[in-house]
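Trainee: Here is what each chain is made of, one letter per residue.
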Amino acid sequence: MQEGLEAREATQGSRSAGPRRPSRGLRPARVRENLSAYMFIAPFMIIFGVFLAYPVFYSLYLALHRVPTDSFDVFGSLRFVGLANFQLLFSDVKFWWSVLMTLYYAALIIPAGIAVSLTLALLLNNRLKAVAFYRSAFFMPYVLDMLVIGIVWTLIYSPHVGILVRILESVGITAFSERGFLGMPSTAMPAVVLTNVLKGAGFGMILYLSAIQNIPQSLYEAASIDGASGWQRFRSITLPLVKPITFFMVIIGTISALNAFVEVYAMTGGGPNVDVGGRALGATWVTGYYVFDTFYNQFRLGYAASMSYVLLALTLVVTFVNRHFLGAEEER
Amino acid sequence: MTPQAKTRIRKIAVYVGLTAAAVVVLFPFFWMIVTSIKQPGQAFTPNIFPENPTLDNFQRVLSEFGFARYFVNSVIVATSAALFATLFAALAGYAFAKKHFFLRDKIFAFLLASLMIPGLMYVVPQFAVINQLGWMNTYRAMIIPHLANVFGLFLMRQYMQTIPSELLEAARIDGAGEWQVFSTIMVPLSIPILATLFLLTFQFHWNNFLWQLIVTNLERLYTVPVGLALFRSQHEQSYTLIMAGSCISVLPIAAIFFFAQRYFIEGMTMGAVKG
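Residue numbers (the numbering used here), protein chains in the order written: chain A, 3 to 334; chain B, 148 to 422.
Please keep in mind that the hints were generated in silico from the structure rather than gathered at the bench.
Hints are supplied without guarantee of correctness; some may be wrong.
[Said to hold, decoys possible] For lysine to aspartate or glutamate, the following EDC-like pairs were computed, each having C-alpha atoms within a straight-line distance of at most 20 Å:
{"#": "1", "chain 1": "B", "residue 1": "Lys-245", "chain 2": "B", "residue 2": "Glu-316"}
{"#": "2", "chain 1": "B", "residue 1": "Lys-245", "chain 2": "A", "residue 2": "Glu-35"}
{"#": "3", "chain 1": "B", "residue 1": "Lys-246", "chain 2": "B", "residue 2": "Glu-325"}
{"#": "4", "chain 1": "B", "residue 1": "Lys-246", "chain 2": "B", "residue 2": "Asp-203"}
{"#": "5", "chain 1": "B", "residue 1": "Lys-153", "chain 2": "A", "residue 2": "Glu-223"}
{"#": "6", "chain 1": "B", "residue 1": "Lys-245", "chain 2": "B", "residue 2": "Glu-325"}
{"#": "7", "chain 1": "B", "residue 1": "Lys-245", "chain 2": "B", "residue 2": "Glu-313"}
{"#": "8", "chain 1": "B", "residue 1": "Lys-245", "chain 2": "B", "residue 2": "Asp-321"}
{"#": "9", "chain 1": "B", "residue 1": "Lys-246", "chain 2": "B", "residue 2": "Asp-321"}
{"#": "10", "chain 1": "B", "residue 1": "Lys-246", "chain 2": "A", "residue 2": "Glu-35"}
{"#": "11", "chain 1": "B", "residue 1": "Lys-246", "chain 2": "B", "residue 2": "Glu-316"}
{"#": "12", "chain 1": "B", "residue 1": "Lys-253", "chain 2": "A", "residue 2": "Glu-223"}
Being a predicted model, the structure only gives us computed values, none of them experimental.
Same shape as in the complex, but just chain A (with noise of 0.2 Å):
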């Protein structure tokens, strides 16, 4: 397009041409404007070609590679292995496992961090003096490290003696006092989304405030006057003109989960495992934790590249669908 208004510009013989009138392609002026333009975008454009993109294609080299095990100098000795890892990873029951744990994560977190935020939301949405003071307490959590946030609540989930069981026993509920919440197989992974929920909650509650707060009074009121009661006004009137805002918690949602980690590694390791079928699996093994422990602990650079492409191909997939079936972007 550019070229065209140029080129239109030149044949009307536009020759006085001042230091912003675009002219013929070469021009000094314009040769300049390009040449600062880039000068300014290379320090951005450096790092990102070589530490963004340069790597997602060098993963791409290491997930046909392997290093044989009996090699220290890695990088030095890749062998090419075609799709092996591929092949390798289509039948480890690990990984599947895995993905299988992360939706189920998935599961659990987007339903209840779109219901805690949005009920924040609608209790921030009254005339009430103190609204700043429970903003920034439900917002500072966001901010905070997911590590340090895990830890914490490992010693408040501990078992025998942590604060939670204690609270639990002393209204005669005992039968989390043994192993305690990370401990067990059932509740392992609903005690690491509530954790995670309190963290994230005041993110959406502000997404879901704004929104709401851009509802005009008007059609409340004109509901009220049909007689709509207020759970009625809720369901017909807020819910839906929230819509954008629910999608955008689905698909970071559903990101998050599948990049989920920190929160693993600070809460359970993956654990506590569960036997499935004679196989010892981790009940919080999600798929982000395998590729740490593959690529941290284990080594296995080609098996983890490969498997962050299968990661890769579930978070093209999940936008995809998301916003085809949810499909509510063009509202915004």
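Dock chain B against chain A, hints included.
Mentor: Okay, now just chain B, sitting in the frame of chain A:
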């Protein structure tokens, strides 16, 4: 019941709900601080207020267990990373917002598309690149790979597009060079977004545990989260010390958030609302 009484009851119910939620959300931080000032061996006493509170745990983790060093490392890494990431995003954001150049829109679309790639994807190959550059166990390995912040560039461009081009024209007519236009017009007018991006990248790097764990294995280079994670794996039962280390890790960000929360909240939600 009169309508006034009804509103009042409703209001009280809302306050009760909010307060209960705040207690639940903030309890872990309260518990972290309380545990960090308990006497060693009392980590698990259920008392809300500890007997004989002490600052010994902080003193011990800072001097005996190297957290003072970790803290300095965190400050170095987070500050320099935030500074350069903001600078690079501002430079590039200016060009993408205000200049016409070959392939501009294509390059920008390409950059935005890269936001779809899950972060975990980068970990292995970035580590390989760092290895090949011979950067293992250096500050630059912790800082440089994350200096191209595409989301930051996006925020920057959005903001700079709203600055009237006439101002830049006027400066050029007065003989200002490109760099002068950038530094004397764009930068001063973009202070709010620069501050936002600086704070967000500072926070990101302060908390960037996984990457810092991967590229360092020398204790003198550990940042606070890395030091904390490894301290915990060695002293699993010393919860009073672990909590003191945790405080050192999160309290700086909490304090910055307290004073600059507007920037955090706006910056973090901007992408969602506008994007």
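Trainee: Decide, hint by hint, whether the structure agrees.
Mentor: Going down the list of hints, with the structure as the test:
no. : hint                     : verdict
1   : B:Lys-245 with B:Glu-316 : holds, 11 Å
2   : B:Lys-245 with A:Glu-35  : holds, 11 Å
3   : B:Lys-246 with B:Glu-325 : holds, 11 Å
4   : B:Lys-246 with B:Asp-203 : violated, 57 Å
5   : B:Lys-153 with A:Glu-223 : holds, 18 Å
6   : B:Lys-245 with B:Glu-325 : holds, 11 Å
7   : B:Lys-245 with B:Glu-313 : holds, 11 Å
8   : B:Lys-245 with B:Asp-321 : holds, 18 Å
9   : B:Lys-246 with B:Asp-321 : holds, 19 Å
10  : B:Lys-246 with A:Glu-35  : holds, 8 Å
11  : B:Lys-246 with B:Glu-316 : holds, 12 Å
12  : B:Lys-253 with A:Glu-223 : violated, 47 Å
When the structure is compared with the earlier hints, violations turn up for hints 4, 12 and for no others.
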